Amino acid sequence: MPPGYVPIFIFLGLTILFPVVTLVLARLIRPSAPSFAKLEAYECGIQAASGSRGRYTVRFYIIAILFVIFDVETIFLFPWAVRYKQLGWFGVAEVAVFLAFLVVGYVWAYKKRALEWV
Amino acid sequence: MPPLPQTVPLSWYLLLSAILFGLGVAGFLFRKNIITVFMSIELMLNAVNLSFIAFSYQFRQVDGHIFAFFVMVVAAAEAAVGLGIILTVFKNRATLQIDEISTLKN
Amino acid sequence: MSLYYTASDHFVLLPAILLALFGCAVLLFDLTALGSPRQRLWLPGLALSGLGFTAVALLRQHMLVAAQGVEISAFRGAMAVDRFALAFNWIFLVAAVLVVLFSYRHLRREGGPDHAGEYLGLVLLAHCGMFFLATSLDLVTLFIGLELMAVCFYVLVGFARDRRSSEAAIKYLLLGAFSSAFLLYGFSLLYGLAGSTRLKDIADAVANQGPGDPVVLLAVVTSAAGALFKVAAVPFHAWAPDAYEGAPTPVTAYLAVGSTAASFAFLARLFVTPLADAREIWDPLLAVIAVATLTIGNLAAVTQSNVKRLLAYSSIGHAGYVLLGLVAGNNTGLNGVAVYLLTYAPMTAGAFLIVAAMRRTARPAAAPLEAVTAAPVAASPRGRSGATVMEAQPELSSPRLEERASADDAVAATAEPAEDVDDFNGLMHRRPGYAIWMLIFLMSLAGIPPTAGFLGKYYIFLSLIEAGRYVLAVIATLYVAVALYYYFRIVRAMFAGEPDPPVGVAENWGTKVALTAAGVLTVGIGLYPEPFLRLVQIAGMR
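Residue numbers (this note's numbering), protein chains in the order written: chain S, 1049 to 1166; chain D, 11 to 116; chain B, 74 to 615.
These aren't lab readings, by the way, just hints derived from the structure by calculation. What you are looking at is a predicted structure, and each value in this text was computed from that prediction instead of being measured. Glycine included, every Cβ here is placed at the ideal spot set by N, Cα and C. Incorrect hints may appear among the rest.
Calculated pairs, EDC-like style, for lysine to aspartate or glutamate (alpha carbon to alpha carbon, straight line, at most 16 Å) [claimed, not checked]: (1) 101(D) x 235(B); (2) 1159(S) x 191(B); (3) 273(B) x 350(B).
Some, not all, of what chain S presents toward chain B, calculated at C-beta under 7 Å [claimed, not checked]: (4) 1059; (5) 1152; (6) 1159; (7) 1165.
Just chain S, with the same shape it has in the complex:
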């Protein structure tokens, strides 16, 4: 067992123990008087209108597809950001080329009205 894991296991044990102990303790000492109002959502947003397993409109998927692409592409900016000074103008030029290709995709999606909520 690698020694670095011992604190993690201790922490894990404590995390599991804490809710168990508090819940059991609370059940032992509290009075029990259930009512409907107590079961409603409290400070946790509005009541759910329907289950979460229903179908979504296809428009969400198109937005999701575009989001995934543009979100993940930014990954290539991180290495440049880390070595920004050393790379100098060369790095700027490379990133400009990269972003230019991204913009082509963006322009295409925009012109095809993929970004509009129809």
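Take the given structure of chain S and dock chains D and B to it, following the hints.
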């Protein structure tokens, strides 16, 4: 060179990567819904990423990290194209069960 | 050695830059030219000029490599232009030019927007991926090239967006992504062995470990599985018939020629450089796979009634021959791989393109669509679309030609594609030109001497005999006879069958130019092979 601050041996990472990869393969082979099959492939790719990163850490290079970046981006591109194609399939067939889609036959 | 972008980097990368730029340009130009048929005509022109510039860049590379006799290395060894890369790049270029020429106005079957910009852009970007597959010497760039090509093809296969096309696309996508995951797993192990992604370093590491090492074994098996999938070798061939049949036929031609050649370039690079010292592992494996590929491909083709599916299985068979060249492993075998793929490009593209041009016409009694040869514009149900396209054809000025063109266009847009062997019945009586080109392509595919296809098979057989693999040579010869049988079925239908209902041909100048080019190449390489053989002398490279 100072020793690597290593608490978990390389082989553990590789084992985890192999297990994840195996789970992905099993998911691909046995699940029937296209979306789930697709997620299994993503799992396989992430298993590969894990082993790239582990090796990269071991060698103290960035090559493996770079490779993992590219794998992630390619996986995203494949997911985007895949979702698009899945939408077309659904529009044509109104189902995403693999067995019900197959009509091209000898 | 500079960290930055050097002149030789640029020189090596230029074809890929041009392809990517023109791919994006076509895509963007399509957005501005929407709704104006005359402007839309520029799209294939723009794509072709992109391919032309790429050809010039390749030619400059070719002349430099030929003059100096060495490879041009770039990006500190991650890419290099050598004879291997050049030979394959010429093959890809032939495929892309043929497909772009042919696809001119061949995508409009649903009557809606033709998405020509996306189509041509994807064709160019797929070509860009192929370029990386042939030119890279590094796992990262190889992987990027493979995926760039594959993702473009996923979209292209599903381009028609009807039932068949989308089914083909989803099958191709799922199996393709599955196989690239295996490939990547192999890559990660190779990286773990070598501590580097350069093929040369991996070759050294594999040599150090020795072929008996279990990690080497696992790496070879997984990466070979991923690569063999792309060439549709047998345990991994299930996607090919479905994808070939379901894809729009010009895409099928591109898939069969470009994607296969690029994947073989990748496979050859992988087996020749980094895995060379693990030969005792993969040699028997590859021999078994090659024979299985030959067997399944050729035997399954015999019973097919759909010509695209028949040609798909025969492509699997052809992949078996190319694999045998790798199994032989000597210089003749390596050259044979390139020669085979070079001859395979025009003949396969030609055969698929003829299938793509054929259209079923309704029986005369059932519907008045006799627009096949010549009919007034108003008689065709799509007279209006015919008229707009006519506008888009300044080069066809005579009224007779205009009528003809719009009628053919109407056929292309409305009639069902004719893909069954029975649809070829009596093609010789209706369209002798097409029947004769098809005969030439089929002869070449079967490997009958005056055509190009014979050369490839000759090299493969020669390499097997030189390597002393007589059993493999005999098996390969046997399947030539099987192939003759199923190709002859199409020939018999064309020359002896009765045309009922008559088949139409949707043609325009692009179709004719593409088919003529493919035919001339097929015959030309067969009759005058020397310059072409010099072009693809790839052996001796490491």
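How the hints compare with the structure:
1. Only pairs whose Cα atoms come within 16 Å are accepted, and residue 101(D) paired with residue 235(B) is accepted, the gap being roughly 9 Å.
2. For the hint linking residue 1159(S) to residue 191(B), the alpha-carbon distance of about 13 Å falls within 16 Å, and the restraint holds.
3. For the hint linking residue 273(B) to residue 350(B), the alpha-carbon distance of about 12 Å falls within 16 Å, and the restraint holds.
4. A distance limit of 7 Å between C-beta atoms decides the matter here; for residue 1059(S) the minimum to chain B is near 32 Å, and the interface restraint is violated.
5. Residue-level restraint check for residue 1152(S) holds (minimum Cβ-Cβ distance to chain B is 5 Å; threshold 7 Å).
6. At about 4 Å, the closest approach between the beta carbon of residue 1159(S) and any beta carbon in chain B falls short of 7 Å, and the interface hint on this residue holds.
7. Of the supplied interface hints, the one on residue 1165(S) is violated, with its beta-carbon coming no nearer than about 20 Å to a beta-carbon of chain B, more than 7 Å.
Checked against the numbered hints listed earlier, the structure breaks hints 4, 7; every other hint is satisfied.
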